[in-house]
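There are 2 protein chains.
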Amino acid sequence: MLDSALRVKLENVKKLIRRNAKVPLEKVLAKLHPADIALIVSNLSDLDRKKIWSFITDRSRVAEIILEMDDVDIVRIFEEMDPKMAASLLSEMESDDASYVLRLIPKEKQQSFLQYISKDELLDVEELLHYPEDSAGAIMNTAYFAMHSDTTVKEATRLLHKAEHLEMVFYLYVIDDEKRLVGVLSLRQLILNPPEKKLSEVMITDVVSVSVMDKEDYVADLVEKYDLLALPVVDEHHRLCGIITVDDVIDIIRDKASEDIYTMAGVKQEEMMFDNQPLKIARIRLPWLLITFVGELFAGFVITYFQGRVQDFLVFSTFMPIVMAMGGNVGSQSATIIIRGAALGRIDLSNVFKVVFREVRVGAVMGIVIGVLLGIVAPLWNGDVRIGVIVGTAIFFAMLFASFTGAFVPIVLMKMKLDPAVASTPFITAFNDVTGLTIYFTVSMLLLMIL
Amino acid sequence: MLDSALRVKLENVKKLIRRNAKVPLEKVLAKLHPADIALIVSNLSDLDRKKIWSFITDRSRVAEIILEMDDVDIVRIFEEMDPKMAASLLSEMESDDASYVLRLIPKEKQQSFLQYISKDELLDVEELLHYPEDSAGAIMNTAYFAMHSDTTVKEATRLLHKAEHLEMVFYLYVIDDEKRLVGVLSLRQLILNPPEKKLSEVMITDVVSVSVMDKEDYVADLVEKYDLLALPVVDEHHRLCGIITVDDVIDIIRDKASEDIYTMAGVKQEEMMFDNQPLKIARIRLPWLLITFVGELFAGFVITYFQGRVQDFLVFSTFMPIVMAMGGNVGSQSATIIIRGAALGRIDLSNVFKVVFREVRVGAVMGIVIGVLLGIVAPLWNGDVRIGVIVGTAIFFAMLFASFTGAFVPIVLMKMKLDPAVASTPFITAFNDVTGLTIYFTVSMLLLMIL
Numbered sequence: 001m002l003d004s005a006l007r008v009k010l011e012n013v014k015k016l017i018r019r020n021a022k023v024p025l026e027k028v029l030a031k032l033h034p035a036d037i038a039l040i041v042s043n044l045s046d047l048d049r050k051k052i053w054s055f056i057t058d059r060s061r062v063a064e065i066i067l068e069m070d071d072v073d074i075v076r077i078f079e080e081m082d083p084k085m086a087a088s089l090l091s092e093m094e095s096d097d098a099s100y101v102l103r104l105i106p107k108e109k110q111q112s113f114l115q116y117i118s119k120d121e122l123l124d125v126e127e128l129l130h131y132p133e134d135s136a137g138a139i140m141n142t143a144y145f146a147m148h149s150d151t152t153v154k155e156a157t158r159l160l161h162k163a164e165h166l167e168m169v170f171y172l173y174v175i176d177d178e179k180r181l182v183g184v185l186s187l188r189q190l191i192l193n194p195p196e197k198k199l200s201e202v203m204i205t206d207v208v209s210v211s212v213m214d215k216e217d218y219v220a221d222l223v224e225k226y227d228l229l230a231l232p233v234v235d236e237h238h239r240l241c242g243i244i245t246v247d248d249v250i251d252i253i254r255d256k257a258s259e260d261i262y263t264m265a266g267v268k269q270e271e272m273m274f275d276n277q278p279l280k281i282a283r284i285r286l287p288w289l290l291i292t293f294v295g296e297l298f299a300g301f302v303i304t305y306f307q308g309r310v311q312d313f314l315v316f317s318t319f320m321p322i323v324m325a326m327g328g329n330v331g332s333q334s335a336t337i338i339i340r341g342a343a344l345g346r347i348d349l350s351n352v353f354k355v356v357f358r359e360v361r362v363g364a365v366m367g368i369v370i371g372v373l374l375g376i377v378a379p380l381w382n383g384d385v386r387i388g389v390i391v392g393t394a395i396f397f398a399m400l401f402a403s404f405t406g407a408f409v410p411i412v413l414m415k416m417k418l419d420p421a422v423a424s425t426p427f428i429t430a431f432n433d434v435t436g437l438t439i440y441f442t443v444s445m446l447l448l449m450i451l
Numbered sequence: 001m002l003d004s005a006l007r008v009k010l011e012n013v014k015k016l017i018r019r020n021a022k023v024p025l026e027k028v029l030a031k032l033h034p035a036d037i038a039l040i041v042s043n044l045s046d047l048d049r050k051k052i053w054s055f056i057t058d059r060s061r062v063a064e065i066i067l068e069m070d071d072v073d074i075v076r077i078f079e080e081m082d083p084k085m086a087a088s089l090l091s092e093m094e095s096d097d098a099s100y101v102l103r104l105i106p107k108e109k110q111q112s113f114l115q116y117i118s119k120d121e122l123l124d125v126e127e128l129l130h131y132p133e134d135s136a137g138a139i140m141n142t143a144y145f146a147m148h149s150d151t152t153v154k155e156a157t158r159l160l161h162k163a164e165h166l167e168m169v170f171y172l173y174v175i176d177d178e179k180r181l182v183g184v185l186s187l188r189q190l191i192l193n194p195p196e197k198k199l200s201e202v203m204i205t206d207v208v209s210v211s212v213m214d215k216e217d218y219v220a221d222l223v224e225k226y227d228l229l230a231l232p233v234v235d236e237h238h239r240l241c242g243i244i245t246v247d248d249v250i251d252i253i254r255d256k257a258s259e260d261i262y263t264m265a266g267v268k269q270e271e272m273m274f275d276n277q278p279l280k281i282a283r284i285r286l287p288w289l290l291i292t293f294v295g296e297l298f299a300g301f302v303i304t305y306f307q308g309r310v311q312d313f314l315v316f317s318t319f320m321p322i323v324m325a326m327g328g329n330v331g332s333q334s335a336t337i338i339i340r341g342a343a344l345g346r347i348d349l350s351n352v353f354k355v356v357f358r359e360v361r362v363g364a365v366m367g368i369v370i371g372v373l374l375g376i377v378a379p380l381w382n383g384d385v386r387i388g389v390i391v392g393t394a395i396f397f398a399m400l401f402a403s404f405t406g407a408f409v410p411i412v413l414m415k416m417k418l419d420p421a422v423a424s425t426p427f428i429t430a431f432n433d434v435t436g437l438t439i440y441f442t443v444s445m446l447l448l449m450i451l
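Keeping their order, the protein sequence lines are chains Y and L.
Here our numbering is used: position 384 in the first sequence is 384, and no number is missing along the way.
Here our numbering is used: position 180 in the second sequence is 180, and no number is missing along the way.
In isolation and in its complexed conformation, chain Y is listed as follows (with noise of 0.2 Å):
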């Protein structure tokens, strides 16, 4: 969102866009880090959008301006542009940046930007697109500060000169002949060492690195356990391939946890790209409210059922949606537990036991709370005694066993090595909606023919 300073002056843009005043305008822009500009840009209108690229001349900039926007932003450019144009920016982007913009884009249009591009730059660009998307091949950044280990500090230091147009450079990487990683060296350690030494002597030979092909999770998990601001990429000989840095190690983060809450409800990050396409969207959450459909049709068969069976079917209806609420509730808290603590490394399927046996014991003294509270409400409604002692007895069961199915279904899921998120709350929903009115009817029926 917009801060109170950036909205002033993304009015003050606005204004200047208006009156075309080309000198101010490019003043300001001047001044801006390209993520503000990025933020500004994606407020203005679409006229005013088209207008202001006019007013920022170098192509760098526009690249580094548009790598700041969102994805549907990025691709909205993209499709808009002229292929040669689009082939420039790509060029002026790292090999990483380029490939993140071009897997973003729909495979024609890849190709019509593809042929413009210099060959030396396509062989980078095009090894990128060549590893699977979330691999650590995919995101990494092929240009990196890495030096034979023959070589002394002072002749390190003078190559970092020359190094200028790297970013984020902060270790210097150490390869052997066969351009093997063999060390690191912190730029810190670089200037506390003596000229003459030799990297060999001085660097550290224990580095943590990733092969291209693990995935973008286990990149984050390594870089924020050991609390790294930068990881070495090998290939299958050992040979440096890239580096990933801590910034794009925090978008992978934000990005899994946006992921996963979507994924819990039943949406799609993809969504964003469709905001005027209400059809695209629907077809992107339906399967989720299927799912659902067809498991309360079950919970349909179940009330048919009871109706013939359970007296004063009426008086127990009534208390449906508490039965259905309380049990969706105590098993999202479940379930939600355990999927992300798995994601946070904090629950170990060794001792699944233990976790499954907690969460029953909560939703039993929630059962209680709530079974007492619902004995003691109901009866209000028609003024028989027992109706409140069987409601709250069925509720009980209801949401003891909603918190067992909770904890107990993600589990599962993941021990089938499925993502826990993707299933678990649809089906839960549906599941505990039939077995607690199922459990809430027997219950109830049960304790008819006694009291």
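Be aware that one or more of the hints could be misleading.
Given that identical chains are not distinguished, each listed pair holds provided it fits within a single copy or across any two copies.
For lysine-lysine, the following DSS-like pairs were computed, each having C-alpha atoms within a straight-line distance of at most 30 Å [to be verified]:
#1 162 <-> 197
#2 354 <-> 15
#3 256 <-> 107
#4 215 <-> 225
#5 14 <-> 31
#6 354 <-> 50
#7 354 <-> 14
#8 225 <-> 9
#9 256 <-> 415
#10 31 <-> 84
#11 417 <-> 268
#12 9 <-> 27
None of these hints come from the bench; they were simulated from the model.
Dock chain L against chain Y, hints included.
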């Protein structure tokens, strides 16, 4: 979670502890990263866990290991520890880490530790404890690398040699006579500039900084937006007080995402502290259930009201679970998109109408699909085609309204400066059940009159 390599090491450590093999165990532990030892320790039995500490004699290393552990484990360790030992471990930590640990520990215990800490260190730690939790002041590190603007590049490089105790040095902060922050220089720029130049000549004066009272979320946003490795923290006179490094920001981002996920399901991160205390966990989760409980009582009233008014009530009651589940799902989908979109800064509250309108259109599309489906399925129950037309139409309107509520409620909460994640889900669930059932029975009643 433990990866396979670490699992092997864990088994090895277990064996060595049982054999009391001091020397080999010390060797194994010396080679491991503190983060890995922390993982191993948290996977040991209580008995082994107590023993392992006697094999790590270096206190600063013990402090490092403890800091890598989960909050739950940190609290457990310090609560069992002798206050003198605790104080000596806290003294080994950076001031931000020490105050982080102290914040986790109950006030009484805190005091028993603090009396054994030397006055100098106490001053730093108490200053940090004094800032509100979640503020930049509370999480900043007071050990940073800063120099006067008159210092030469050569002198700065020499001083860097002396600052070996400082961790995570990537920027050199430049201050004036009053300790006010006036510039910044990366280590790389330090290397690249001629030794005789003054820092004031080579520094960047446009420094991004935060105030001690700024929220940690804001800090995280800035670091992410500008791809920073560290952010200086200043007081109201713009004096440099500390720095916040990117590794801490990663923790903030992960914690914030967890908090959002937990809040939306009515659970809390703190639960982890009460692993074996179902009563305490239930107390955390119950408020959420109680809100829903009260809401669903109203759903009960709605059902009672329509029981005497809708013909064939029993047939219609069969589809209540579908109506409620569809409304609930559609509502939570819309709410999730809005809540996460706002957290990521993707939803602009100045354009509320557009967002709500999109969600309602998506709800309409899904309502039509589910309505038609239910219209086809429902007559299978009792062979009456009219029932299909009626429940199909009714569920369409219920879903349409649910998508509106799902989008509108979080926006209203945000406009009221409340956290939309807190109240949204239980409130939306209950509210959608009540309105969904009301719409469903009203439409059914009206259509029954016409058809």
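- Item | Numbers of the earlier hints that this structure fails to satisfy, in rising order | Of the numbered hints, all hold.
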